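Peer 1: One letter stands for each residue in the lines below.
Number of protein chains: 2
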Amino acid sequence: MVTCQQETPDPHNLADELIFFVNGKKVIEKNADPKMTLLPYLRRKLRLTGTKLGCGEGGCGACTVMISRYCTFQQKILHYAVNACLAPLCSLHSASVTTVEGIGSTKTRLHPIQERIAKSHGSQCGFCTPGIVMSLYALLRSTPQHSMEEIEDAFQGNLCRCTGYRPILQGFRTFARDGCCGKTGKGCCMEVTEENQAPTSSALFDPSDFRPLDQTQEPIFPPELLLGRDTPRRQLVFKGEDVTWYQPSDLSDLLNLKAQYPNAKLVVGNTEVGIEIKFKNMLYPVIIAPCWVAELNAVEHTEEGIRFGAACSLTTLGDVLQKAVSDLPPYKTEVFRAVLEQLRWFAGQQIRNVAAIGGNIMTASPISDLNPVFMASGSKLHIISNEMKRTVQMDENFFTGYRKNVLKPHEILLSVEIPFSEKQEYFSAYKQASRREDDIAIVTSGMKVVFQPDSHQVEKIQLSYGGMAPVTIMAKDTCTALIGREWNDHLLQEACRLLAKEMSLSPGAPGGMVEYRQTLTLSFFFKFYLTVLKKLEMDLSGNNNFHESVLPEYESATELFHKPPTSSVQLFQEVPAGQDPEDFVGRPIMHLAAMKQATGEAVYCDDIPHYENELYLALITSTKAHAKIISIDRSQAEAAPGFVCFLSAKDVPGSNITGIRNDEQIFAEDTVTCVGHIIGAIVADTQEHAQHAAKTVKITYEELEPIITIQDAIDKQSFFLPVKKIANGDIEKGFQEADHTLEGEIYIGGQEHFYLETNCCIAVPKGEDGEMELFASTQNTTETQHLAAHALGVPANRIVVRVKRMGGGFGGKESRSVLLSTAVAVAAYRDGSPCEMHAGQR
Amino acid sequence: MVTCQQETPDPHNLADELIFFVNGKKVIEKNADPKMTLLPYLRRKLRLTGTKLGCGEGGCGACTVMISRYCTFQQKILHYAVNACLAPLCSLHSASVTTVEGIGSTKTRLHPIQERIAKSHGSQCGFCTPGIVMSLYALLRSTPQHSMEEIEDAFQGNLCRCTGYRPILQGFRTFARDGCCGKTGKGCCMEVTEENQAPTSSALFDPSDFRPLDQTQEPIFPPELLLGRDTPRRQLVFKGEDVTWYQPSDLSDLLNLKAQYPNAKLVVGNTEVGIEIKFKNMLYPVIIAPCWVAELNAVEHTEEGIRFGAACSLTTLGDVLQKAVSDLPPYKTEVFRAVLEQLRWFAGQQIRNVAAIGGNIMTASPISDLNPVFMASGSKLHIISNEMKRTVQMDENFFTGYRKNVLKPHEILLSVEIPFSEKQEYFSAYKQASRREDDIAIVTSGMKVVFQPDSHQVEKIQLSYGGMAPVTIMAKDTCTALIGREWNDHLLQEACRLLAKEMSLSPGAPGGMVEYRQTLTLSFFFKFYLTVLKKLEMDLSGNNNFHESVLPEYESATELFHKPPTSSVQLFQEVPAGQDPEDFVGRPIMHLAAMKQATGEAVYCDDIPHYENELYLALITSTKAHAKIISIDRSQAEAAPGFVCFLSAKDVPGSNITGIRNDEQIFAEDTVTCVGHIIGAIVADTQEHAQHAAKTVKITYEELEPIITIQDAIDKQSFFLPVKKIANGDIEKGFQEADHTLEGEIYIGGQEHFYLETNCCIAVPKGEDGEMELFASTQNTTETQHLAAHALGVPANRIVVRVKRMGGGFGGKESRSVLLSTAVAVAAYRDGSPCEMHAGQR
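Residue numbers (the working numbering), protein chains in the order written: chain A, 105 to 946; chain B, 105 to 946.
Next up, chain A with everything else stripped away, as it sits in the complex:
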């Protein structure tokens, strides 16, 4: 673990009580752990397991809950969706949390959102359902009236793998002010009009049966929190095993703390620090939460632009800029509109609701969506410490190295000032990612050009890129060379030549896809060129010197991307008229558990109550594709807190040979043949301890030549035997006699199964004769049973495997889940205690 500072907080400072509300019930936590996020607290401590753990890093939305707070800066109650997997427990003081269990239940009444997602067949495996329900709930809780586009955008941060979203949207369309009637019959926009077909329908439900959305029926904001809104604040302190959380009362308190703990991290949304702690093994002994500091949460309109407190959320940033764009003349809001365009694709709604504008700047993210915009636009940064204030422009000198900037340790970023644009100034921003929404960029860019008055001669140009270096960079040489040039094809050619030179990457540059990234720098400029050209066409329409125009075939490159409205329907053949209403054959039938899935009552493997003496397993896997294991040093793990035992091949009581084809090992004996090959496991008293200890195990490898590609495998004649083929008759003769012979090759890439519910298994030894109950998220109960029995050396009838449901599998939980459940069975057999493994970071 990487510990980032030396100071330890004053041990005489007693910890405060964390007080918040969950589903209307007051929660007083005397030992709030600064390292804990809301998700495990809800799931484990409060036993509210409707909120699911998917990715653990704010990417899938399965853990979405609604936070409500009285905002003293805006003087109103805010309701917003957040990822519980990232929200630090300690950040919830005076907040009200609403989970999927808090809005409806099959035992009382379903919330209309729950009812409609269920009845529209929008819940299949159901693992994403509670998160989707809560994303929409948070949207509708503030304002019940929204357009279909807004409703769709509310799910940017929610992934679903079963439904393709269509049935979800079909159900939720009934909430949209511009949604269709939902009747899908005559005259409805979704009416099936094709002629000459068997009678088909897309009517999964009758919307007139739905319970109406009624704001008066929603749980109220806890009155106690409203009463306390004006109470003067005093510093809060929460202490954990190795981390202390300070919530300063005001700016001077904050600056003093920062002076006292210069290496402390300021945390607002925890969307970066949370990931570092969970996935990068970082430890920050002191966390400072500036959420009460007015100056860091203020929005101020200045002469030159708008100044945002560094802790303002991206959602606030978007709302303020959106209003400015409506209110101000367009030429002043070129930069604002570029920021808004970037915000559309900046993570998901849940992240934007909590991530601070200052976050990417202070973490000096090299692939930030906004930093290139701030840099190209010449945004100003106001910096403060308890000694001085200063203002710097975010230019090419601001970032001093990978994850570094010019701020001194005791300084903090106070605010970011985004400038109005001038007349003759044009600004655009670009982002390319593998997936448009909710994805990390490959390359991002901010581009500004200022022309001489009433001309198309470049006065100044600033091209900034993210994803092309360890820091956000400016294409200085290119920009300098373009000054004074006219905005035409020659400039385009020259710019591309210069950019290709300036933005080159070495073949092994971190981030991969070197050629693609280089191409993107030019493509973005090409789009910028065309967009500016189009704007010049309009602005200089009276200028006789300007004759350029965008070719019609390039027109689309100047437009912002807008999804077409989703309108696809699923058609099914209707049952014959007069079919007995109790005869369900041929009718669309809602998933049996859809309603329980929508209310969070449906129990998945990790939702089973834990045993008191349950142990946790964490795997130690290969970091090499092909290597001999020379040594395993587990000394640090053995000294780690909560360590119970280390498992490797020789701890398997039965056979270490496993796999459906009997060609795998539970734990690698000498050689690993892929990255992720299981070498051993740590068993500990908590999942956190097990995962921590597993990270400390050091494997020494002797690397062997790996087989990475299909071509490698063909070259080395390395095949899965027997080779499978479909052959019938005399093949050779057939080909010889054929009139035509078509030859060719196809390549099929790998496909991530990407079930939202990660692998999970609980093995409960029964204490007698090797009897064991395995609760697993598996598609293959039989092999789970047989391979566990084989590993333990007991007859298969001693092993009971129970699967209630899975949060997705898609074939990925056929043979691969069994490797994990077998290791868990070995651990439980060895220790005699129930043992759990959950492949995820809580």
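Keep in mind that the hints were calculated from the coordinates and are not lab data. Do not take every clue at face value.
Since the list can't tell identical chains apart, any single copy or any two copies may satisfy a pair.
[As the list claims (entries may be wrong)] Straight-line C-alpha distance at most 27 Å; calculated DSS-like pairs for lysine-lysine:
1. 908 <-> 870
2. 870 <-> 149
3. 820 <-> 728
4. 754 <-> 129
5. 639 <-> 436
6. 580 <-> 180
7. 211 <-> 870
8. 149 <-> 134
9. 211 <-> 564
10. 129 <-> 211
11. 130 <-> 870
12. 754 <-> 211
13. 527 <-> 564
14. 343 <-> 134
15. 564 <-> 605
16. 427 <-> 732
17. 837 <-> 728
18. 638 <-> 820
19. 129 <-> 870
20. 129 <-> 149
21. 870 <-> 527
All values derive from a computational prediction rather than experimental measurement.
Using the hints provided, position chain B relative to the given structure of chain A.
Peer 2: Same frame as chain A, but now just chain B:
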């Protein structure tokens, strides 16, 4: 709860670490709870569930474990059996505990004791087996060679309900130095010799197959404890929620503590205080354990007798007196022999191993087995405080009232001096209980007579009784009247007349059985008369004035009771010669799980690992036989620690009507019809909290006339309908035509089912559709399922009932276990958390 003192201990005193060993592993407990006994610590904390909870009061022996200690007073390692249900956890500092798991396992090797009890069919339901194994283990661990009588005596404190003990003894006879060969064939003492029978056998096993007992294979005493034996001691303090435990380093430390906390209880074996805390709701905030005080553990031979430190165990008392009886002339040891005879029947071995000689004296037990002996013999008590020392004789003035004696609060009993008897002195002691061994007395007595030298004229007589008054008493009037009388029939007549008068009881005297107890006072004297007569016959054989003699038919009354050696065998018909060895029909077959039962691996209902969020239920039952419920005051319970909810009839989600005949209620609605009728239940976070809160619920009744006897029921025509009869043909005609008609009545009393494993049920709600898994100790899984479903209002297929085995049932777990499991199911359904009920005090 009754709190017995006001002082609260000094909060600045930090608690010590409790360090002891269990099965060779060092255990360091930082938060040793003075109220906790060893049993729940083993079962819950260390998950060693082989040690069973039966009665919870040291009466059944199911919780027997072996304690080993280095005794600084005797300068050797002592191994002895104790009841883990009574042994305070805090008393184990520097001790080594061996449980049934520590001596053998089916996974490694069975201990010979485990093997032989299993193979001799000595383990049936198996619940008593680990305790019986450990009782014998403790005996053999000290000395491997014992007589069969000693082996049998080792189980005085162990109850078994299935086997009738015979097969256990048949197996264990193979360990006795006077045991038979075990071959039960030709020439064996157990050979079946009856002629003209089908070939029968009693040979359950072939003893030559048994693994031999090998002392060198036993786990050694932890060397660390031996190394520390001479370390100077300092006071130990253990602090619990509401009780503090002091273990003073020496006498002056003890006396200072007693001066500081005059109401503190001194605890040695916890065989009285433990019962008071568990069953009588007593709370002693300060406990002082004098086990390190040399003076309280010393044995000293004086001019007048032997002086025992008050903390000496009854086993030590017995050992020392036994030696004195061997070494001294018989006339000096009349009292000693009486004490030894009482000790034979004083509880069981496990209790005698820990109970202190001073215990009954200081608790002023009115039914003590030894107090009448000490009183009649004129034993002396040495008393000490940090101000003074004094000596009192234990006479009729020593006990000043029920559970009171002459000691002042800051004084302690230092030692008890039991006198040698004189020439012309005769002493006997008597005890009558429902069961000879391991039972509380109905009446006890100590009787001493001193004759004029060389005559049969009474110089002094002292008759003391327990069980006849709130204190141990002396029959003063009778004794005074008999002085000077000759020991003959006239004296006997006169004594009986006087005793009948002096030892009369009012009809409602506490303890019941008034006539029987009065009769016993005379019967004991009659036996004493005869016994003394017999001794006089021998001692005065040369005296011509003495002509009395014991009639042959009374002779047996003068003899001490000795069980005949157990020699019964179970005969079974042998299989025909030549039967296929794999054909098991007709052969005696060991219980399938006998070996696991003998090693403690067999899992009973309460041995299942607990869930993290498990709740506990305690019942509130009627104290009236027939009454209307006027009101239920649960206010105190609701304020009690850990309280979750109160349940009564209106909390039943389905139907409150229950029972196999549909004529019972889960919770009484208005009227109770028996003592123990379930009225409600408390659900809390721990069993202790639930049981504590349940005791605080106050029910107000309006009493109705009860039906207690069969005759009452006949008089009131109160029958279970339909009346069951077996009738065939024309009954009346049959009787009319019969040659003879025999008429009569039979009465059958009630029979306690007395399964050792008390009722236990765990209900695990599955969170969906009322699905629930019930783990119950029941003989009737079907009704458990149906009545739970009926109570919850769900289809029966939602309820799964799982029974692995029971620790006895005998019909008592047919319909009666279901009343409890149904209440538990209601609680689990209501709270959504697993809920357990265990009818016993841990």
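Peer 1: Now, for every hint given, state plainly whether the structure supports it.
Peer 2: Against the structure, the hints:
{"no.": "1", "hint": "908 <-> 870", "in the structure": "both (20 Å within a copy, 10 Å between copies)"}
{"no.": "2", "hint": "870 <-> 149", "in the structure": "both (26 Å within a copy, 18 Å between copies)"}
{"no.": "3", "hint": "820 <-> 728", "in the structure": "within (19 Å within a copy, 88 Å between copies)"}
{"no.": "4", "hint": "754 <-> 129", "in the structure": "between (50 Å within a copy, 24 Å between copies)"}
{"no.": "5", "hint": "639 <-> 436", "in the structure": "within (14 Å within a copy, 126 Å between copies)"}
{"no.": "6", "hint": "580 <-> 180", "in the structure": "neither (45 Å within a copy, 89 Å between copies)"}
{"no.": "7", "hint": "211 <-> 870", "in the structure": "between (33 Å within a copy, 14 Å between copies)"}
{"no.": "8", "hint": "149 <-> 134", "in the structure": "both (13 Å within a copy, 24 Å between copies)"}
{"no.": "9", "hint": "211 <-> 564", "in the structure": "neither (66 Å within a copy, 82 Å between copies)"}
{"no.": "10", "hint": "129 <-> 211", "in the structure": "within (19 Å within a copy, 50 Å between copies)"}
{"no.": "11", "hint": "130 <-> 870", "in the structure": "between (38 Å within a copy, 26 Å between copies)"}
{"no.": "12", "hint": "754 <-> 211", "in the structure": "between (50 Å within a copy, 18 Å between copies)"}
{"no.": "13", "hint": "527 <-> 564", "in the structure": "within (13 Å within a copy, 129 Å between copies)"}
{"no.": "14", "hint": "343 <-> 134", "in the structure": "both (10 Å within a copy, 22 Å between copies)"}
{"no.": "15", "hint": "564 <-> 605", "in the structure": "within (20 Å within a copy, 126 Å between copies)"}
{"no.": "16", "hint": "427 <-> 732", "in the structure": "neither (61 Å within a copy, 72 Å between copies)"}
{"no.": "17", "hint": "837 <-> 728", "in the structure": "neither (46 Å within a copy, 98 Å between copies)"}
{"no.": "18", "hint": "638 <-> 820", "in the structure": "neither (55 Å within a copy, 106 Å between copies)"}
{"no.": "19", "hint": "129 <-> 870", "in the structure": "between (37 Å within a copy, 23 Å between copies)"}
{"no.": "20", "hint": "129 <-> 149", "in the structure": "within (14 Å within a copy, 32 Å between copies)"}
{"no.": "21", "hint": "870 <-> 527", "in the structure": "neither (77 Å within a copy, 66 Å between copies)"}
The structure shown violates the earlier hints numbered 6, 9, 16, 17, 18 and 21.
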